[in-house]
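Chemist: Listed below are the residues making up each chain.
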Amino acid sequence: MPIKYENVSFTYNAKTPFSYEALSSVNLEILDGSFTAIVGKTGCGKSTLIQQLNGLLVPTSGEVIINDYVVAKSRKRRTKKIKELRKLVGLVFQFPEYQLFEETVEKDVAFGPKNFGASNEGALKSAHEALRLVGLDESFYKRSPFDLSGGERRRVAIAGILALNPNILVLDEPTAGLDPRGAREMMALFKGLHDNGTTVILVTHDMNIVLEYSDTVIVMEDGEVREITTPLELFNKENDRYSLETPLLYKFVKSLSDKGMALDIRMIKDIDSLAAAIALAPGNKR
Amino acid sequence: MRALEVKNLFFSYDGKHDAVNDVSFAVERGKYVSIIGHNGSGKSTLAKLIMGLLAFKKGEVKVFDEVLSTASLHAIRSRIGIVFQNPDNQFIGATVKDDIAFGLENRLVPHEEMEDIILKFADKVHMSDFLESEPSNLSGGQKQRVAIAGILAMSPDLVILDEATSMLDPKGKREVKETLFVMREENPNLTILSITHDIEEAALSDEVIVMHQGKVILSGNPKEVFAQEDKLKAIDLDLPFIQKLKKALKKQGIDVDNFANLGEMAEFLCR
Amino acid sequence: MKSLSLGRYAPFNSLVHRLDPRSKLLILVLMMVAVFYGYSSQVMTFVMGGILLLIIFVMLLVSRVSLRQLFSSLKALWIMIIILLLINVLVPPLGASRIAFSVGTYHIFWESILQSAKIILRLVMMISLTLILTATTKPLDLTYALEWYMYPLKLIKFPTHEIAMTISIALRFIPTLLDETMRIMNAQASRGVDFEHGKVKEKIKAILSLIVPLFMSAFQRSEELANAMEARGYNPRAKRTRYRNLHWGGGDTFSLLLATILTAGVILTSVMNWNYVEMIFNITTWSVGL
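Chains as they are written, first to last, in our numbering: chain A, 1 to 286; chain B, 287 to 557; chain C, 558 to 847.
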């Protein structure tokens, strides 16, 4: 079942002098099993949007429907036990390593499952499995999370969410502050999960990641959804109006076509295909 | 004159494993040098050692020909300005003005001169509209610009950027990079040492130093360094876009090796 | 969570706002003393209380403090007020004899009611005075004032500067820490932590999951801050110049003088057992008698 936002609006601090409308009549669908990127400059409402997915925030008006759960303001419409939604939708915030607190890595990862009623043994089992997924072996189990490096701590934090076995994984800038290799490993992890059927929703500023991993892009601006499209279509248009950083690949393509080279844009998705397209362009410099 | 000379530097956090392992390099005055490498390669530790924030057990650090020691610490620090990674954890003042003033207070700048200096440098980083703003109301990029104003106000000869844009969104990154141009305009002799993950930034600098597991494994101008593909691949470092494109084009039979930047390359390809 | 409105600084430009924080602090202390003085006769207690209340009310007005702010501060303490009232009513003061009304066999004395009224009056005045101070003075300015008053402690090697610096940095970080608390709460809630319901054991775990990360991040922050401060040449023991200076003006001297006279008057009245009501009554009968 797709995730549906039906006419969702959200206002922070409603009815006070500080009220601020962060989302305005959002209507969208996110398909099961998709890898969706949500982009837009800071303040466009991305973070507010995703927090409706696990009930942390509840729409001021409108509804969000995830499988059988309804997230809505009215108690009549809202699913009882909305907390259970947090097992289905795993939400990982930016810099998640700041949430670690237990004495050992395995205890921290087991914390989530325990909160949902798992037994000690069951929770540890899920924890070990989740740690395996993020690439941390048994040697890490009994170590204190505070002794690990930043990248390792982030992986522990993500394992903490994966241990809940969510069908839908929502990530807010998961690669922020990581070095390129760390970022690549992290994205490979999410791709693996996606290949196994998890719906992945990714909020990011990194257009290279959007290009390489996602199949759908939702562009937001000023609390509204401006476009729902595919990465290629997005970057092949003028996207200066959204203040998005064009991936270098497309910047170069643009500079070439500005100088008069005729390129078949549809065949360009990475550097090799770009080189091939240049080679095929009339008057090439072979 | 060399802005910075590091000779056979060793440092260990835990006494067992060397975070900085026999590092030597030099930075000529007025150059823009990038240090790249994975997290844990020793880059940030190096920055702290140069600033004397960590004490090294072996080796020597010379800043503008002065040897770094307990006695020379204050004098050397007054010639270096460093911008750290976390915009919040280096913002000390209650407002933008107070934060810029902090450095001035430490260096005994007379009270009467402070206001003018603060206004001048806030303006240079385009933060004149935010003088009384509190840090909790500023974006990461704005806070980093205030940090830069703070160090520029002290007229440094060497600026160290310790992953200053790592935690910023693209807009913030752009703002800080533009501010760097301002820095160099202010002082063409300014030496900049940038510790970064941004491989494209490294490709544009005068010199690149590649660190891995506490050692310098490559150094030289970007062209030389990025030509060493095997070594870079061995430590899992990516090549800048221009290098990757050159390679791909070569495979197609197009030789663009001699072009230093994308602009020239595009010109050539479109002729 | 950025707006902690209870008692927070409100950026107006009233006469009180413009006063030097050092005078305001001293005036607050003096007036607190005046509020707490007692008198032998009940009548005088309420007359003096009334006079002080009037003065404080005028101060509130001049400081542009809204009555709504005052009421919300009082509302926050309603539990304490109820408890105070109950204690006073249930345990009548010594020598209470005049019964106001009775509930069955239980008597409620006038003395109890008056005592409670006296306490509430004092409470209102104390809170108003504090509110005036915090609403008209930026926390940082208060810190400077405290630092100035602590200056003589430097003679006994008390680290006044370091304490003032610590306080001002702590103040600067309050909004940042509040934001971080929210973020950690959201992150833990997303892992199933329920901060509202649950058994005691679960609640403790919930609080731990909030406090431990906050502390750990605070430690890391401190280290990074210390590095940044050192790198910018900070040395608490060395001499430093000052950007923000406090300016004591004529208005400060005048206000301080007024407060001193008021407090002196209160103390005198109490010590000398003056009874204004009798005095005025006597004067009027005396003048009528003419």
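Read the hints as simulated data drawn from the structure, not as lab findings. Don't be surprised by glycine CBs; every beta carbon is placed ideally from N, CA and C. Some hints here could point you the wrong way.
Far from chain B by the CB rule (all over 10 Å, computed), these chain C residues [unchecked claim]:
#1 F658
#2 A674
#3 Y791
Derived pair list, reagent style DSBU-like, types lysine-lysine, alpha-carbon separation capped at 35 Å [claimed, not checked]:
#4 B/K501 / B/K517
#5 A/K80 / C/K762
#6 A/K142 / B/K463
#7 A/K191 / B/K344
#8 B/K457 / A/K4
#9 C/K632 / A/K125
#10 A/K81 / C/K796
#11 A/K254 / B/K334
#12 A/K191 / B/K519
#13 A/K269 / B/K530
#14 B/K457 / A/K41
#15 A/K41 / B/K533
#16 A/K87 / C/K632
#17 C/K632 / A/K81
#18 C/K762 / B/K344
#19 C/K756 / A/K191
#20 A/K4 / C/K796
Chemist: Minimum C-beta separation from C/F658 to chain B exceeding 10 Å: can you confirm that?
Modeler: 54 Å, holds
Chemist: Going by Cβ atoms, does C/A674 stay more than 10 Å from chain B at every point?
Modeler: Since the minimum Cβ distance to chain B is about 42 Å, C/A674 lies beyond 10 Å and the statement holds.
Chemist: For C/Y791, is the shortest CB-to-CB distance to chain B above 10 Å, so the non-interface label stands?
Modeler: Nearest chain B Cβ is 5 Å from C/Y791, so the label is violated.
Chemist: Does the alpha-carbon distance linking C/K756 and A/K191 stay inside the 35 Å limit?
Modeler: Given that 35 Å is the threshold and the Cα spacing comes to 39 Å, the pair is violated.
Chemist: What's the verdict on A/K191 and B/K519, does the C-alpha distance respect the 35 Å limit or exceed it?
Modeler: 23 Å, holds
Chemist: What's the verdict on A/K81 and C/K796, does the C-alpha distance respect the 35 Å limit or exceed it?
Modeler: 61 Å, violated
Chemist: Can you confirm whether the C-alpha distance between A/K254 and B/K334 stays at or below 35 Å?
Modeler: Given pair A/K254, B/K334 is violated - Cα atoms ~42 Å apart, limit 35 Å.
Chemist: Between A/K41 and B/K533, does the CA-CA distance stay at or below 35 Å?
Modeler: The given pair, whose Cα atoms are some 34 Å apart, holds under the 35 Å limit.
Chemist: Compare the distance between the alpha carbons of A/K191 and B/K344 with 35 Å, and conclude whether the hinted pair is satisfied.
Modeler: Distance of about 45 Å is beyond 35 Å: violated.
Chemist: Taking 35 Å as the top limit, are the C-alpha atoms of B/K501 and B/K517 close enough?
Modeler: 13 Å, holds
Chemist: For the pair supplied as a hint, B/K457 and A/K41, confirm whether the alpha-carbon distance does not exceed 35 Å.
Modeler: The hint holds at about 8 Å.
Chemist: For the pair supplied as a hint, C/K632 and A/K81, is the alpha-carbon distance within the 35 Å limit?
Modeler: Holds. C/K632 to A/K81 sits at ~33 Å (cutoff 35 Å).
Violated hints for the displayed structure, listed by number in ascending order: 3, 6, 7, 9, 10, 11, 16, 18, 19, 20.
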